[in-house]
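Protein chains: 2
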Amino acid sequence: MSDVTQFISKRAQSRTSSHFANVPSDKPPAGFKPHPKPLLLSYGTPNDGFFPIDSIDVNLVNFPFEHQSKGGHLNGSASEPKANGHAKEENSNSIHIARHTKTPNSLDLSRGLQYGPVPGLDPLLEFTKEFIAKTHKPAYDDWTSILSTGASDGLNKACDAILDPGDVVLVEEFTFSPFLRFVNNVGGVSVPIKIDLSSDSNGLDLDYLQNLLDNWSKEYPNLPKPKALYTISTGQNPTGFTQTIEFRRKIYKLAEEHNFVIIEDDPYGYLTLPKYDASRFSSNNKVDPAELKNNLTIEDYLFNHLTPSYLELDTTGRVIRVETFSKLFAPGLRLGFVIAHAKVIDVIKNYAEVANRGASGLAQTVVNNVIREHWGGLDGWLNWILKMRATYSHRKDLLLHSIYQSDAFKKGLVDVIDPKAGMFVTFKVKFLDPAQGKIAADEVIPTMKQLLWKIISHGVLVVPGYNMTVDQKFSLERSNFFRLCYAPLNNDDDIIESGKRLTDAVLEFHDKGNKF
Amino acid sequence: MSDVTQFISKRAQSRTSSHFANVPSDKPPAGFKPHPKPLLLSYGTPNDGFFPIDSIDVNLVNFPFEHQSKGGHLNGSASEPKANGHAKEENSNSIHIARHTKTPNSLDLSRGLQYGPVPGLDPLLEFTKEFIAKTHKPAYDDWTSILSTGASDGLNKACDAILDPGDVVLVEEFTFSPFLRFVNNVGGVSVPIKIDLSSDSNGLDLDYLQNLLDNWSKEYPNLPKPKALYTISTGQNPTGFTQTIEFRRKIYKLAEEHNFVIIEDDPYGYLTLPKYDASRFSSNNKVDPAELKNNLTIEDYLFNHLTPSYLELDTTGRVIRVETFSKLFAPGLRLGFVIAHAKVIDVIKNYAEVANRGASGLAQTVVNNVIREHWGGLDGWLNWILKMRATYSHRKDLLLHSIYQSDAFKKGLVDVIDPKAGMFVTFKVKFLDPAQGKIAADEVIPTMKQLLWKIISHGVLVVPGYNMTVDQKFSLERSNFFRLCYAPLNNDDDIIESGKRLTDAVLEFHDKGNKF
Chain A
3 MSDVTQFISK RAQSRTSSHF ANVPSDKPPA GFKPHPKPLL LSYGTPNDGF
53 FPIDSIDVNL VNFPFEHQSK GGHLNGSASE PKANGHAKEE NSNSIHIARH
103 TKTPNSLDLS RGLQYGPVPG LDPLLEFTKE FIAKTHKPAY DDWTSILSTG
153 ASDGLNKACD AILDPGDVVL VEEFTFSPFL RFVNNVGGVS VPIKIDLSSD
203 SNGLDLDYLQ NLLDNWSKEY PNLPKPKALY TISTGQNPTG FTQTIEFRRK
253 IYKLAEEHNF VIIEDDPYGY LTLPKYDASR FSSNNKVDPA ELKNNLTIED
303 YLFNHLTPSY LELDTTGRVI RVETFSKLFA PGLRLGFVIA HAKVIDVIKN
353 YAEVANRGAS GLAQTVVNNV IREHWGGLDG WLNWILKMRA TYSHRKDLLL
403 HSIYQSDAFK KGLVDVIDPK AGMFVTFKVK FLDPAQGKIA ADEVIPTMKQ
453 LLWKIISHGV LVVPGYNMTV DQKFSLERSN FFRLCYAPLN NDDDIIESGK
503 RLTDAVLEFH DKGNKF
Chain B
3 MSDVTQFISK RAQSRTSSHF ANVPSDKPPA GFKPHPKPLL LSYGTPNDGF
53 FPIDSIDVNL VNFPFEHQSK GGHLNGSASE PKANGHAKEE NSNSIHIARH
103 TKTPNSLDLS RGLQYGPVPG LDPLLEFTKE FIAKTHKPAY DDWTSILSTG
153 ASDGLNKACD AILDPGDVVL VEEFTFSPFL RFVNNVGGVS VPIKIDLSSD
203 SNGLDLDYLQ NLLDNWSKEY PNLPKPKALY TISTGQNPTG FTQTIEFRRK
253 IYKLAEEHNF VIIEDDPYGY LTLPKYDASR FSSNNKVDPA ELKNNLTIED
303 YLFNHLTPSY LELDTTGRVI RVETFSKLFA PGLRLGFVIA HAKVIDVIKN
353 YAEVANRGAS GLAQTVVNNV IREHWGGLDG WLNWILKMRA TYSHRKDLLL
403 HSIYQSDAFK KGLVDVIDPK AGMFVTFKVK FLDPAQGKIA ADEVIPTMKQ
453 LLWKIISHGV LVVPGYNMTV DQKFSLERSN FFRLCYAPLN NDDDIIESGK
503 RLTDAVLEFH DKGNKF
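Same order as they appear, the protein sequences are chains A and B. Counting from 3, one number per residue, gives the positions in the first sequence under this note's numbering. Counting from 3, one number per residue, gives the positions in the second sequence under this note's numbering.
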């Protein structure tokens, strides 16, 4: 393996880990014997007896939206949520987190509410490694994990670890735009890479990328060759594209040739989605819940559905994978993790000692114990993911179904890209595509803005692609789409209605223009 | 008020807040009407129906260490903790956090486990403002609060807000040393200020500071005049000193004259401690728990015990106060807050959008609801603080009592400084004070290291002051002390025993030297 240190920024290399030790660093004098039961008058850590919380009971559901419907539906119903009684009294799906426990791999409050190690509390940190070893095992040995306060935190730390001022990062032209601020914060420069928006695309435009790298000094004479590529390779945000393994091999080969790091952001790639299947929908738009039962085995899921990570191709320690518990467990935990070469994780740890000292121990404790105690560990967590996946799959298909049934779609005014993973759908406004010759490139965004007002007036909120660009001018010709997300709505009826409102708005805009 | 912007670093000023909006920023077209019930296909926020946690029960104690002893003791007993049954079954001291609630100022899981605003969830953020308005109200109006992931995070963010590369921060010569890394991380320079280690001291050596500021260009010809002073003004870490209000007025006057910012770090200043009173201890070292009842009223505490913050003197928006829930609630929450002028808080918010996106919503929810629902809000929180204060006061006095009874103390070999607040005691090794003429300044630290091995072999861990310096060479002559912390030990007996072991070790070292 080449020296991973070459990828690490000077800033990150210059930081050291340190704390005020209470044992001298030099050798103990002759005859020194450590005491068998030392008493601590040292660190400013309050005894757990000072914590006002004696224990916590966490009451769980068996599947997403269970609280709305006990009947086995995989998605919400339009009926009101049940009254807010104590769920605990109604089911035995609880875990108890005591002040002290001796159960191995469980966390108690004396640890979870205490100061903890910056990289994360051991049981959860170990779990993230077991999980990656099972799902996306790197192609080398010296990798490890560190907890973060979510994907944004992981990405910011990856930027700090890799980028010095002036360093270039290649970024998909439509992207999770907060990333641009992380690059900017360390003085880096984001350079957009075209996305191929055709239906069978891998997202990233490989020809464009290859050509750019081969002719870098011609295209960007004032910039150094790229230090890194940032890619949301599965269920890309905002376009929803997923790169095949064959495609990833080609990108990884380019990374080796041109010696750049790959920052792989994968917040919801575990939500793999089967292709839309019209036969599952009855004429009244309703779907038989029995159809939605998740009948994948974990093995089938892992080997035939989950797209391999760049980690699995990585032989040189150049991949930094950023994960989060936000989408699969809950965003408010502020909990995620980063997987990379141990040397990269080490500089991330040093930065974490400065930048936020890691994730909440309370969040770590709840997640660790729910996964390990209640769900039984790795397979239990994967089973929960399969249930989430089935629910998202159902929602995605409902939204597509609603759009496919619309007049706007049937008249060819709009199209959607059926995503293979994640939570986003590209909704293309075909008559605003400059490639069709009816609109000039510089008219796309102004017209899309007018259309957006129409859509808002119809009662749907969507995110325009042009608001998620690296450089709006670079992407003018490809800005005729909105990002749709089927994650936030309450139930099936609202999802169907949202697709209807959206397509009605586009049809009205097409037919009558921007009159209100 | 002068322009607060002058205090803000160029780096911090250059950041902007941004996110991918789903509503155009320009004016809506004529005739546009917003929809009464818009449906969200926009943000990537999972519906709370995806969260596996349906509700959480938080089971509380009535006073610190209650779980060890139901008899009203204010500190732990040496007996084993009670068996780890479900505390919930034994008392009604629980709060229920439901998925949805309509109780005002309570947080439910649909908010607490969801993405939240970077500055913090409203009810808790508002609470921190109410709390400061009651305890340490700034002397101007345009102040506000932002949540952090603890005091370290708050301090790092304060450094980012204020310091450009090359900027100087004055730092107490013995200090919370991670702060030095926060300064270093933004390219700042820490300059030590002498601490007066005599018993009736305010900590900071005012004469030294004044003289330094008046002769800055002579003392530090290559450094610009200081941009900020970092001070742990109450229960200083590691020395335990508390600055009187009169002293603070003098420091604030210097800040005005020399135009520097005051970063006030106050993690445990609410733990005000009465002077040691020998009469409370019976001959067998035991203390009557009835003596320890906290009989302060909140008003008495606020007006006669709590030392005013620099905020209360601040008329120019030059004070940044950093607080934390770590010591008063629990460190593992990773939850704190920063109080400063609104313009300073605004740039801290912009940095937080980059650096970690704020505190865990789960931690915020638990703390908010425990304080507001269970304890009844502000006065309930202050009552809990009074109980913590009584327990710490008891522990401090026990430790001092144990030391005062020792032969080492009676022979004048050691001394302790009785702290007025916080959790730290300065334990001076008097015969290693160069001012007494028996040891050269450059022999202090090597000898203290030898003594430390002796102390460790006797079964106590303490932190040597020389490990918490800005610059060891600057502080050689004042390095003959250890920091003692009475927070971590389990019970009274261990505290008494730790003082005994420590003084025995010093006596043995004094009499027999470093032989084992």
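Each hint should be verified, as a subset may be incorrect.
Pairs count within a copy or across copies, as identical chains cannot be separated in the list.
[To be verified] Listed next, the in silico DSSO-like pairs over lysine-lysine satisfying Cα-Cα at most 27 Å (straight line):
1) K475 with K451
2) K35 with K227
3) K517 with K139
4) K29 with K514
5) K451 with K29
6) K131 with K412
7) K430 with K29
8) K412 with K227
9) K104 with K422
10) K422 with K229
11) K39 with K517
12) K345 with K514
13) K255 with K196
14) K229 with K517
Since the hints were derived computationally from the structure, they do not count as laboratory data.
For each hint, the structure was consulted:
1. Only within a single protomer do K475 and K451 lie at most 27 Å apart by alpha-carbon distance; the minimum there is 15 Å, versus 64 Å between protomers.
2. With identical chains, the CA atoms of K35 and K227 are never at most 27 Å apart, being 57 Å at best within one copy and 49 Å at best between copies.
3. Proximity of K517 to K139 under the C-alpha cut-off of 27 Å is found in neither arrangement, the shortest distances being 55 Å within a copy and 54 Å between copies.
4. For a Cα distance limit of 27 Å, the shortest separation of K29 from K514 across copies, 20 Å, qualifies, whereas the shortest one inside one copy, 84 Å, does not.
5. Taking the shortest alpha-carbon separations for K451 and K29, only the inter-copy value of 11 Å comes in at or below 27 Å, while the best intra-copy value is 70 Å.
6. Within a single copy, K131 and K412 get their C-alpha atoms no closer than 48 Å, and across copies no closer than 56 Å, so neither meets the 27 Å cut-off.
7. With identical chains, the CA atoms of K430 and K29 are at most 27 Å apart between copies only, with a shortest distance of 24 Å across copies and 69 Å within one.
8. When the C-alpha separation of K412 and K227 is checked against a cutoff of 27 Å, the pair qualifies neither within a copy, at 46 Å, nor between copies, at 71 Å.
9. Taking the shortest Cα distances, K104 and K422 never come within 27 Å of each other, neither inside one copy (43 Å) nor across copies (38 Å).
10. Taking the closest pair of Cα atoms, K422 and K229 never come within 27 Å of each other, the shortest separation being 29 Å inside a single copy and 54 Å across copies.
11. In the homo-oligomer, the alpha carbons of K39 and K517 lie at most 27 Å apart only across protomers (21 Å), although the nearest pairing inside one protomer, at 81 Å, exceeds that limit.
12. In this homomeric assembly, K345 and K514 never come within 27 Å of each other (Cα to Cα): the closest approach is 60 Å inside a single copy and 47 Å across copies.
13. In this homomeric assembly, K255 and K196 come within 27 Å of each other (Cα to Cα) only inside a single copy, at 19 Å, whereas the closest approach across copies is 58 Å.
14. In this homomeric assembly, K229 and K517 never come within 27 Å of each other (Cα to Cα): the closest approach is 49 Å inside a single copy and 57 Å across copies.
When held up to the earlier numbered hints, the structure conflicts with 2, 3, 6, 8, 9, 10, 12 and 14 and fits the remainder.
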